[in-house]
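A.B. asks: Both chains are given apart, each in its own frame, so use the hints to dock them into the complex.
Chains A and B, in that order, give the protein sequences.
For the first sequence, position 133 (counting from the first letter as 1) is numbered 129 according to the numbering used here, and the numbering increases by one without interruption.
For the second sequence, position 109 (counting from the first letter as 1) is numbered 123 according to the numbering used here, and the numbering increases by one without interruption.
No lab work stands behind these hints, which were simulated from the structure alone.
Possibly wrong hints are sitting among the right ones.
What the hints assert, rightly or not - In silico lysine to aspartate or glutamate, EDC-like type, Cα no more than 16 Å apart, as pairs:
hint, chain 1, residue 1, chain 2, residue 2
1, B, Lys358, A, Asp88
2, A, Lys136, A, Asp149
3, B, Lys276, A, Asp64
4, B, Lys127, B, Asp143
5, A, Lys136, A, Glu202
6, B, Lys97, B, Glu108
7, A, Lys39, A, Glu205
8, B, Lys132, B, Asp209
9, B, Lys358, A, Asp67
10, B, Lys276, A, Asp67
11, A, Lys102, B, Asp349
12, A, Lys108, B, Glu465
13, B, Lys358, A, Asp64
Unchecked claim - What follows is a set of in silico ranges between Cβ atoms, one per label pair, in the way DEER data are often shown:
hint, chain 1, residue 1, chain 2, residue 2, range
14, B, Glu465, A, Gly238, 48 to 56 Å
15, A, Lys248, B, Ala274, 47 to 55 Å
16, B, Lys358, A, Lys39, 28 to 36 Å
17, A, His27, B, Ala310, 52 to 60 Å
18, B, Leu450, A, Ile66, 41 to 49 Å
19, A, Glu37, B, Phe363, 37 to 45 Å
20, A, Ala128, B, Arg278, 50 to 58 Å
21, A, Asp149, B, Arg43, 57 to 65 Å
22, A, Ala153, B, Phe363, 18 to 26 Å
23, A, Lys136, B, Arg278, 44 to 52 Å
24, B, Tyr269, A, Lys136, 35 to 43 Å
25, A, Tyr23, B, Arg278, 15 to 23 Å
26, A, Ile66, B, Ala304, 40 to 48 Å
27, A, His27, B, Pro275, 21 to 29 Å
This one's a predicted model, so the numbers in the text were calculated from it and none came from an experiment.
All C-beta atoms, glycine included, are put in the ideal place defined by N, C-alpha and C.
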Amino acid sequence: MYDSPKTGTAVDQKDIKITARKVQVYYGDTHAIKDVDVQIEDKTVTAFIGPSGCGKSTFLRCINRMNDTIDICRVEGDILLDGEDIYDKRVDPVQLRAKVGMVFQKPNPFPKSIYDNIAYGPRIHGLAKNKAELDEIVEKSLRRGAIWNEVKDRLHAPGTGLSGGQQQRLCIARAVATEPEVLLMDEPCSALDPIATGQVEELIDELRENFSVVIVTHSMQQAARVSQKTAFFHLGNLVEYGETSQIFTNPKDPRTESYITGRIG
Amino acid sequence: MTDAATPMPGATPGKRSSGSLLELDARTRKRNAAEARFKIYGIIAIGIGLLFLVALLFAIVRNGTPAFTQTFISIPVELDEAKLDKTGNRDREEMAKVTTFGYAPLVDTALAKALADKGIENPFEKEKDLRKLVSDSAASQIRDVVLADPALVGQTVEFRLLAASRVDGYMKDRVTRESLARDKNLDAAHLDLVDAMADKGLLAKSFNWDFVFGADASEKRPEQAGIGVAMMGSFFMMLVVLFLALPIGVAASIYLEEFAPKSRWTDLIEVNISNLAAVPSIVFGILGLAVFIQFAELPQSAPIVGGLVLTLMTLPTIIISTRASLKAVPPSIRDAALGVGASKMQSVFHHVLPLAMPGILTGTIIGLAQALGETAPLLLIGMVGFIASNYPDGFTDGFLSPNSAMPAQIYEWAKRADPAYYERAWGGIIILLLFLMTMNIIAIILRRKFERRW
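Isolated chain B (complex conformation) (with noise of 0.2 Å):
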C-alpha cells in the first residue's frame, strides 16, 4: 500500500521537483488517488454493514411483529348450572370436579347462539363442529373465571376468547384458503364463517398482552403462548449474574491491576483468563451441569443454575474491560494521591476506581447483555424446553424453580412445528431487542453520567 520506497518513474530519485505549487506532481496524485481509494473501501465495507443491518431489522420486525396482536372472539357464555354444579350449592371443591371437557359444550353452544343471534348461517349440522374457530385453551379460560367466582354460575358472562391459531393465521394472512386443502383442521366452510364473524364484530384482531406478560403453552395452543414467564427467568438469572460477576470480577481486576506483584503467576492468570473469554459457551454448559448440578446438587433447569454457569461466562469480559478502564486512568492521579500521602488502597478507591466506573458499567452491561443472549449453556442444564407454565411464586422460588430464559424459550418455539409458533419466535426476538436495547441506554446513560473531563 506504502509507495515510499518505491521511485515515481519520470521524478528524478532523491531530488524533489521545483514545478509550481498550482500543478500536482506525479507522486502526490498517486498518493490522493491511494486516499481516495482507501476511503472508497471504508464506504463499501460501512454500507455492507448497514445493508445487512437493515435486512436483518426488516426481517425480524416484518415477522415478528404479528406476534403482538391475536385474534379474539367475544360472545356470551351461558354458565348452565346444570352442567357446572349440579348440586347447585356452589361448593368450589365439588365445582372443581368438572373438568375443562364439560366446558368444551358450553363453548359450542355460545357459538351457535352468538352465530344466530347475528343472523349468520351456521353450516355445521353439529354445534361441536365450531369447536375449531376456538382456542383449546377457552374451556380452561371459562373454568378459570367460573372457580374463582361461583357466584357466576347461572349467569351469562361476555367472555373474549382466543381464536384457534389457524383462524389467527388465517386473519394475519398466514393461512390461505389454498394451503388448508392440506389441513384437516379447517375447512373452507371455517373460513366463511370466520370472514362472517369478523364483519359483525364478533371476531376481531387487537394487541396481545398475553403474549408479553403469558406464560408458554403446549405444542397444540401457539395461540396462548407468551414470554412473560420465561423473562422472569432471564430477569433472575441476570440478577445472579449482576450480584456474582460484577463484585468478583471488579475485586480481581483491581488486585491484577494495582496490587499483584508482575510476576510469571500473574502473566499466566493473565493469558488464561483472556483464555475464558475465548472458550465457546457450551462449555461452561457442561461444567455446570457436572459441577453446579451434578456435584453440588443444584436444582436442574433452575436460574439459580443458569446464573452461577453465565457468571462463569461473563467474568472474564468483565474482568477484561475492567483492567483496560483501570490501565487507561492516568498514572499521574495515582501520584497525586500517593504523593499526599493516601494509601495504596485509599489512592484506588478514592480516585482510580471512580474515574474508571463508566468504563466497568460499560463492561459490566455488554457482559450481562451478552449473557442474557446465550443459550446454549442453557441447553446443557435444562432450561431449554417446555418447561414452566406458571410465574415463580415469590422470590427465592424465582431462583430455584425450573424456568427457561428468553434465548431458550426463542429457540424452543422455533424448532416446534407449528407456523405459528415460527411468529412467536421472531415476535420473542423482538422482545429481546427491546431488552438489550434498553440496557445499552442504561450504559450511555451511567457512563455519561460517571464520566468526568479533564
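Pulled out of the complex, with its shape left as it was, chain A reads as follows (with noise of 0.2 Å):
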C-alpha cells in the first residue's frame, strides 16, 4: 500500500498476521491493557479467553482501530499488521477497517434489507462495477456466510425481521463482503441459543481457510472448539498465549489453570 519497505524480515512474517509489540492502552486514568505482545498466525482462529473486564474486547477494538471512536481512548505501542504498523499516522483507520472486518456481540444488521445490508460495504469501496457484479458478491457472501439458503427468496426483507442467530450470520456475511483479511469476533455467540451458536461455531471453521480470525469468548468450551490458539487474557495483561490444546491441557501458568478449572473468573 505504501512504498516504505516491509520491515522485519521475510521469514519471521511468513505466516504472521498480526504482529503486537508492548501494546498499552488507557481509557483515561484508568490503565486497561498492559504489555501486551502476541503475534496472531493467518488462516488459523484465534481465541481470546479471559474474565469480565480482563480488557480482551479492548485488544481486540485495537487491532481494527475501532477504539479510536472513544475520546479518552490512547493506545501506546505497535500493532503490526503484515509488516505495517496500523498506527502509523499515515494510516486511515478507513481504510484499515476495510481489511480489519469486525464481527460484534449483538447482531446489528442496518435497518434496511438483506440485500443492501451485505451491498452496503461493497458498494462503498466500489469493489463492483456493475449490478450483476454486485448480486453475485451478495450471493457469495451469503453462502460464505451460511445463510444463502434461509434468505435467497426474501434478499429483499429487512435484515432486521430475521432470527438472532439469522441475523448474526448475516452480519458475518455483511463482513466477508468486503473481502477482508483479518475477522474479528467479538463475543459473535453470546446473544445466541445453542443451535444458532452451534451454526455459527462451524461458519468459523469454514472461515479459517480464507482469513485471520480473532474471537473473543467468554465460553471456554467454545475456544476449544473452535481456535487453533488461545490467550489467555487477566486484569489487563496477556498471562499465556499458545496451541489450544496446549493451554486447555497443560497450562503453563497457574493463573491460566486456575481460570480453566473455574477457579477464577
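C.D. replies: As C-alpha cells, then:
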C-alpha cells in the first residue's frame, strides 16, 4: 500500500498476520491493557479468553482501531498488520477497517434489506462495477455466511426481521463481503441459542480457509472447539498464549489453570 | 411517599408474617392504598387538563364560528351613465376620476328601489339614511366592477353587497335593540327594515370566503376584513424559517453530536444553545430590529425579517430535538458501519441520519408551529398593525413587501374597538389552530412514514 519497504525479515513474516508489541491501552487514567505482545497467525482461528473486564475486547478493538471512536482511549506500542504499523500517522483507519472486518457481540444489521446489508460495504469500497457483479458478491457472501439458503427468496426483506442467529450470520456475511484479510469477532455467540451458536461455530471453522480469525469468547468450550491458538487475558495482561490444546490440557501459568478449572473468573 | 424504611405497627420488623396468602397483610394494604391514591391523583390531573381543553375549544368555536358567515344584501344596482361616465366614451382613465363618493348615491337609489319593488315600506325620508344598512365597502365594490368592465355602464347589474357590521351583528344576535339605544349609527327603524328585508330574501347570511382569503380592512369596516393576506405573510415567514433553520440546525447538531470533540468549548456551546431556547421571544424581536433592520437595513415589516427573527428563535428547538434523536440511534449501528469500513461521514449520512429523521422532522415541525404562533417578536419589527391591504405581487414581493402574520393580525383585531372585530379575532384563532393541527398531522404522518422497526 505504501512505498516504504516492509520491516523485519521475510522469514519472520511468513505466517504471522498481526504482530503486537508492548501494547498499552489507557481509558483516561485507567490502564486497561498492559504490555501485550502477541503474534497472530494467518488462516488460523485465535481465541481470546479471560474473565470479564480483562481487556480482551479492548485489545480486539485495537486491531481495527475501533477504539479511535472513544475519545478518552489512548493506545501505545505497535500493532503491525503484514509488517505495517496500523497506528502510523499515514494510516487511515477507514482503509484499515476494510482490511480488518469486525463482527460484534450483539447482531447489528442495518435496518435495511438483507441485500443492502451485504451490498453496503462493497458499494462504498467500489468493489463491484455493475449490478450483476454486486449480485454475485452478495450471493457469495451470503453463502460464505452459511445463510444463503435461508434468505435467497427474500433478499429484499428487512435484515432486522431475521432471527437472532440468522442476524448474526448476516453480520458475518456483511463483514466478509468487503473481502477483509482479518476477521475480528467480539463474543459473536453471546446473544445466540445453542443451535445458532453451533451454526456460527461451524461457519468460523470454514472462514479459517480464507481469513485470519480472532474471536473473543466467554465460553471456554467454544474456544476449545473453534480455535487453534488461545490467548488468556487477566487484569489487562496477556498471561499465556499458545496452542489451544496445550492451554486447555497443560497450562503453564497457574492463573490460566485456575481460570480454566473455574477457580477465578 | 415511600414507606420502605418505616416499620409497620403490628408486624415484627425484619420478619415476614407467615399468614395466609388469601388475606392481605397491613403492609400490602397500605401499599395498595397508596397506589390507588396515586392513580386517582393522576386521573384528577388529566381530568382538569381535559376540562380546560374542552372549555377552551368550546369558547373558541362558539365565539369564532360567526366570523365565518356574513350578512349580504343582494340588490340590482342601476349603473347610471350620467353619474359614472359623463362623456359617454367609456374611457377607463376618465371614469376613474369618479371616486367612491360618486358611487354611493347609486347604492342608496338601488336600495330604495329594491324596497319599493318588494313592497317594503321605507320609513326614511331621505334615501341617504338607507346607506347605513350597507357596508362602506359597497361603493368601492361597485366601482371596481365598473372599472374592470366599462361596458356595464348603463345596465342594471345584480350585486351582492356586504351589509354594515351592525346589521350583520343584529343578524348574529350580537347587536340587540337595547344595545342600539347607546348607538348613534342605527336606530330601531333600521332594524325593522332589516327584519323585513330578511323576510323578503333581500338580505341573508352566508358563508364568507372573504374572511379566509381577504385582506385586513380599516377600523370602520370590520365586515370587510379577512385574514388571507396575513396568512400569506405567515406563509412566507415559514418558508424562510424552514429553509434556514432546518439545514443550519441539522448541520449544527450533526457536527456537535457526531464530530465535535468533547471539550470545554463544546460543553459551553451546548449550555448556551439550551439557554437560547429559554430566551423570551421579544428579546429575539429587539435583536432582529437592531441587526436586520437598523444594521443590515432590510425593509421594515417584511416577512423576510420576521422569518429571520423566527429562524433565530426556532434554531435552538431544532438543534435540541435533532441532537436528542441522533443520540437515540443505537451506537451499534455506527459500529456496524465503521466496522465494514465506512467513513465517519458515511456512517452518519447513510445510517444514523435516516434513523434520526422522524425525530428531526417532528422537532422541526414543532419548531415551525411555535414560530407560526409567535407574536411578540413581530411587534418589534413592525409586523403588527394595519399593514397590507393587498396580496403581494409575486414571490420576491412576498418576502420584501410589508405584511402581517396570522397571530399578529389576531392581536390587531382583538385590540380594535368594534365588537365585530372581536368576533373576527376568535375566527382568526380557529384558522390559526387549523394550520397548527395540519402541521402536527403532517408531523405524525412523516413520523410514521420514516419510522423503521428494529
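A.B. asks: Against each hint, give a clear statement of whether it holds in the structure.
C.D. replies: Outcome of the hint check:
no.: 1; hint: B:Lys358 / A:Asp88; in the structure: holds (12 Å)
no.: 2; hint: A:Lys136 / A:Asp149; in the structure: holds (15 Å)
no.: 3; hint: B:Lys276 / A:Asp64; in the structure: holds (14 Å)
no.: 4; hint: B:Lys127 / B:Asp143; in the structure: holds (14 Å)
no.: 5; hint: A:Lys136 / A:Glu202; in the structure: holds (14 Å)
no.: 6; hint: B:Lys97 / B:Glu108; in the structure: holds (12 Å)
no.: 7; hint: A:Lys39 / A:Glu205; in the structure: holds (6 Å)
no.: 8; hint: B:Lys132 / B:Asp209; in the structure: holds (13 Å)
no.: 9; hint: B:Lys358 / A:Asp67; in the structure: holds (14 Å)
no.: 10; hint: B:Lys276 / A:Asp67; in the structure: holds (8 Å)
no.: 11; hint: A:Lys102 / B:Asp349; in the structure: holds (11 Å)
no.: 12; hint: A:Lys108 / B:Glu465; in the structure: holds (12 Å)
no.: 13; hint: B:Lys358 / A:Asp64; in the structure: holds (11 Å)
no.: 14; hint: B:Glu465 / A:Gly238: 48 to 56 Å; in the structure: holds (51 Å)
no.: 15; hint: A:Lys248 / B:Ala274: 47 to 55 Å; in the structure: holds (48 Å)
no.: 16; hint: B:Lys358 / A:Lys39: 28 to 36 Å; in the structure: holds (32 Å)
no.: 17; hint: A:His27 / B:Ala310: 52 to 60 Å; in the structure: holds (56 Å)
no.: 18; hint: B:Leu450 / A:Ile66: 41 to 49 Å; in the structure: holds (43 Å)
no.: 19; hint: A:Glu37 / B:Phe363: 37 to 45 Å; in the structure: holds (38 Å)
no.: 20; hint: A:Ala128 / B:Arg278: 50 to 58 Å; in the structure: holds (53 Å)
no.: 21; hint: A:Asp149 / B:Arg43: 57 to 65 Å; in the structure: holds (59 Å)
no.: 22; hint: A:Ala153 / B:Phe363: 18 to 26 Å; in the structure: holds (24 Å)
no.: 23; hint: A:Lys136 / B:Arg278: 44 to 52 Å; in the structure: holds (50 Å)
no.: 24; hint: B:Tyr269 / A:Lys136: 35 to 43 Å; in the structure: holds (38 Å)
no.: 25; hint: A:Tyr23 / B:Arg278: 15 to 23 Å; in the structure: holds (20 Å)
no.: 26; hint: A:Ile66 / B:Ala304: 40 to 48 Å; in the structure: holds (44 Å)
no.: 27; hint: A:His27 / B:Pro275: 21 to 29 Å; in the structure: holds (23 Å)
Checked against the numbered hints given earlier, this structure breaks none of them.
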